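Number of protein chains: 2
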Amino acid sequence: MQKPSIPKGTRDFLPHEMERRNYIFETIKSVFHSFGFRQIETPAMENLSTLTGKYGDEGDKLLFRILNSGDCLAKFTDEELLAKNSASFAAKACDRGLRYDLTVPFARFVVQHRNEITLPFRRYQIQPVWRADRPQKGRYREFFQCDADMIGSDSLLNEVELTQIIDTVFTKLGFPVRILLNNRKILTGIAEYIGHADKIIDITVAMDKTDKIGLDKVVEELKEREISDAAIEKLMPILRLSGGNREKIAVLREVLAESSTAIRGLDEVEFILDKLALTPLKNELELNLTLARGLDYYTGAIFEVKAVGVEMGSITGGGRYDNLTGVFGLDNISGVGISFGADRIYDVLNMLDLYPKESARGTQLLFINFGEKEVDAVLPVLNMLRMQGVRTELYPDAAKMKKQMSYADDLNIPFVAFVGTKELENGVVNIKDMKSGEQKDYPMDELVKLFL
Amino acid sequence: MQKPSIPKGTRDFLPHEMERRNYIFETIKSVFHSFGFRQIETPAMENLSTLTGKYGDEGDKLLFRILNSGDCLAKFTDEELLAKNSASFAAKACDRGLRYDLTVPFARFVVQHRNEITLPFRRYQIQPVWRADRPQKGRYREFFQCDADMIGSDSLLNEVELTQIIDTVFTKLGFPVRILLNNRKILTGIAEYIGHADKIIDITVAMDKTDKIGLDKVVEELKEREISDAAIEKLMPILRLSGGNREKIAVLREVLAESSTAIRGLDEVEFILDKLALTPLKNELELNLTLARGLDYYTGAIFEVKAVGVEMGSITGGGRYDNLTGVFGLDNISGVGISFGADRIYDVLNMLDLYPKESARGTQLLFINFGEKEVDAVLPVLNMLRMQGVRTELYPDAAKMKKQMSYADDLNIPFVAFVGTKELENGVVNIKDMKSGEQKDYPMDELVKLFL
Chain A
0 MQKPSIPKGT RDFLPHEMER RNYIFETIKS VFHSFGFRQI ETPAMENLST
50 LTGKYGDEGD KLLFRILNSG DCLAKFTDEE LLAKNSASFA AKACDRGLRY
100 DLTVPFARFV VQHRNEITLP FRRYQIQPVW RADRPQKGRY REFFQCDADM
150 IGSDSLLNEV ELTQIIDTVF TKLGFPVRIL LNNRKILTGI AEYIGHADKI
200 IDITVAMDKT DKIGLDKVVE ELKEREISDA AIEKLMPILR LSGGNREKIA
250 VLREVLAESS TAIRGLDEVE FILDKLALTP LKNELELNLT LARGLDYYTG
300 AIFEVKAVGV EMGSITGGGR YDNLTGVFGL DNISGVGISF GADRIYDVLN
350 MLDLYPKESA RGTQLLFINF GEKEVDAVLP VLNMLRMQGV RTELYPDAAK
400 MKKQMSYADD LNIPFVAFVG TKELENGVVN IKDMKSGEQK DYPMDELVKL
450 FL
Chain B
0 MQKPSIPKGT RDFLPHEMER RNYIFETIKS VFHSFGFRQI ETPAMENLST
50 LTGKYGDEGD KLLFRILNSG DCLAKFTDEE LLAKNSASFA AKACDRGLRY
100 DLTVPFARFV VQHRNEITLP FRRYQIQPVW RADRPQKGRY REFFQCDADM
150 IGSDSLLNEV ELTQIIDTVF TKLGFPVRIL LNNRKILTGI AEYIGHADKI
200 IDITVAMDKT DKIGLDKVVE ELKEREISDA AIEKLMPILR LSGGNREKIA
250 VLREVLAESS TAIRGLDEVE FILDKLALTP LKNELELNLT LARGLDYYTG
300 AIFEVKAVGV EMGSITGGGR YDNLTGVFGL DNISGVGISF GADRIYDVLN
350 MLDLYPKESA RGTQLLFINF GEKEVDAVLP VLNMLRMQGV RTELYPDAAK
400 MKKQMSYADD LNIPFVAFVG TKELENGVVN IKDMKSGEQK DYPMDELVKL
450 FL
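Sequence order for the protein chains is A and B.
For the first sequence, the positions run 0 to 451 when numbering that gives the first Met the number 0 is used.
For the second sequence, the positions run 0 to 451 when numbering that gives the first Met the number 0 is used.
If you're looking for bench data, these hints aren't it; they were derived computationally from the structure.
Since the structure is predicted, the reported quantities are computational estimates derived from the model, not experimental observations.
Heads up, some of the hints might be wrong.
Which copy is meant is left open, because identical chains are indistinguishable; a pair holds if it fits in one copy or across any two.
Taking lysine to aspartate or glutamate and the EDC-like style, the derived pairs with C-alpha atoms no more than 16 Å apart in a straight line are [claimed, not checked]:
(1) K431 with D408
(2) K91 with D70
(3) K91 with D77
(4) K222 with E232
(5) K274 with D375
(6) K233 with E191
(7) K83 with D70
The following block holds chain A by itself, in its conformation from the complex:
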């Protein structure tokens, strides 16, 4: 007999895990709603023509492809098959693949439904994505993304609001984060200024190491990467950058005064800081030039969020992109978005044990089953409680008391109701508080009050 299992890198979620995940999703959703975001969903399968070429060669390899139904080999010649070229075979044998992220399907969605949506469009989307990646701790082949994007508006107020959303979500979830902010235009300005426009990644990687390995070693590394002494000299004030956000901006404005691109980036950062100062954040916001995520597509602000005091990579990220939908033929749609990494946030909350103690969805009251006569009396009570929104169960079998009580224990049901011969005679329900152990009789019509 086969021992059942699931594919590597995928997960089942048990009820107590679903409660925790739902808590995270509900928290994020409630914040999205308060900022006017509206939900969409897209199919798990997309045409491969939508997906391929959007994530680089590496990404293309990580797509899960669906074998065409029916006689999928019929259209191949003998020569094609004998060539045993798996990549070109897959390209011809598969028309569809599983969604790799939520951004490309969203871009496709916007173009396909452009006559049905009103710009600016604030959409959120919470769905699983699939990647044929090597599974490892914290990395799954099926995982959930929670994306919020506002498209069709260049206004920096959008960046301001996304920062507030991040701040509000983590405040509600109950752990402190550092919100890192950068701007692609500043990075571009730096690279231009030192005359190495092509080395922007090397420079950010080096800057990121200053704290860890010291300035001297960073200079060595830059030399190894063929950055000229003159350029390194010009870079020094930026490598030495420290202090608060405003101090950093002041230094950068001086050093990068010649680069109009950098100055525009600094103006953008300062605008965001100014607006946020009107309603101070609960979490720290840090201008961090080493933040270099998504340089392939981000054109303005870049966001990243780290949990304070927890060893964990980025738990949220995003940025401004100026041409989301160009690849599908619709130009000039600018947007800015963030993506909450639900699985990592779940791991952080598990480590810190920050879930609400009260289950919002679990059974509140279990009725013990004493047999048919007692059940007949309980059924109308059950019905009345449920109609009023109390989450309640009757144990389905007249099993031994011990078994029924251990069921209540296993499920963390806080109250147990006994309706036996004596209670039937007196027209009451005896309720046991499972935490304190106290037991008390209640008239039927006062029962509801216990749970509302």
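Given the structure of chain A, go ahead and fit chain B onto it with the hints provided.
Same frame as chain A, but now just chain B:
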């Protein structure tokens, strides 16, 4: 430039569609919760060894298979490839497939996690499933199932509660349904009694036609299907069956008195009716012997639900199965479950236009953007409203008034706020009720009350 599209038989859901779907899912979930059901989720991909052979040959053909990653052709000999046998090719080139329903993954889940769950186990699961079926009106390749099952208990109280769940869900959704109930044991008893145990399907199909084509034609059909005259003679009282549930049961008890199987089935039906009589249903419950869904696996009660006055197939169905997990090596787990057809329920609600008029998630208040100075005054108000749970937006750009107002119209935002020079001076917010057209000034600190 490619015109973007999605695979045949799949759908995007726009925000107004998501609102409607969420309303259905939330309604069903709230009822599940009130009956103590707990949510699980399983991965979209299952090992094909879990899926194949569970849905018959037809089902196997409808599975979406994922092509193995990497060099998927490497393990094939030239001969295997040149045979061009697509089925045996797929069996070797694909280890995983997309979930075809929620029942088989649930059975796999129960066996895999048997040491982590407590029996009796009440689980619900709301996830998409995928079938490579020919798409047509109301039939999709990706669609949602909402399943609730109770396993590990033989008690007929479970059937009673599932009937109550069906009744409560459709009462909440606001349209009347007919709940059809049958019992596999009665059908088996009938087939045995007339000496045609193998013809049970032919018999139910014929019975189903009595109303439409008349008794004479039904008898003709039964003869064509090689059912003997003697058997048909014995079947006549059952073909003529009419009246209320109790009358039908009385007739059947007489006719089928010799079949202990049938009598057990009738006892079960009567038990369910008796218990339900203690808390009367809002919808009609009908004993219907023509109901023959899932005869391959159902062993007791069989359920089906039809919307009254709407042309639509079954919108919910289910039944009792005695060996859910046997195929995965765990015997003697009995269960009973129902599945709500979310997509058909969605279609019915659309036809009847039964959605709540008030959006539970849409923006309640839009602030008009008059420029930077006014925005600076609005930002703290926005923040205060959002912190108190009001769903509110500021138009991100200082666009023309007409554009901003038509945005509010398009999104059905019920209130619009104006904070211009005059309002700034007076420290008020001018609110327009978009439905009545009325406009009124409110002090900042009285604003919240409008929305709570």
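**Request:** List in ascending order the numbers of the hints, as given earlier, that are violated by the structure.
**Result:** Every hint satisfied by this model.
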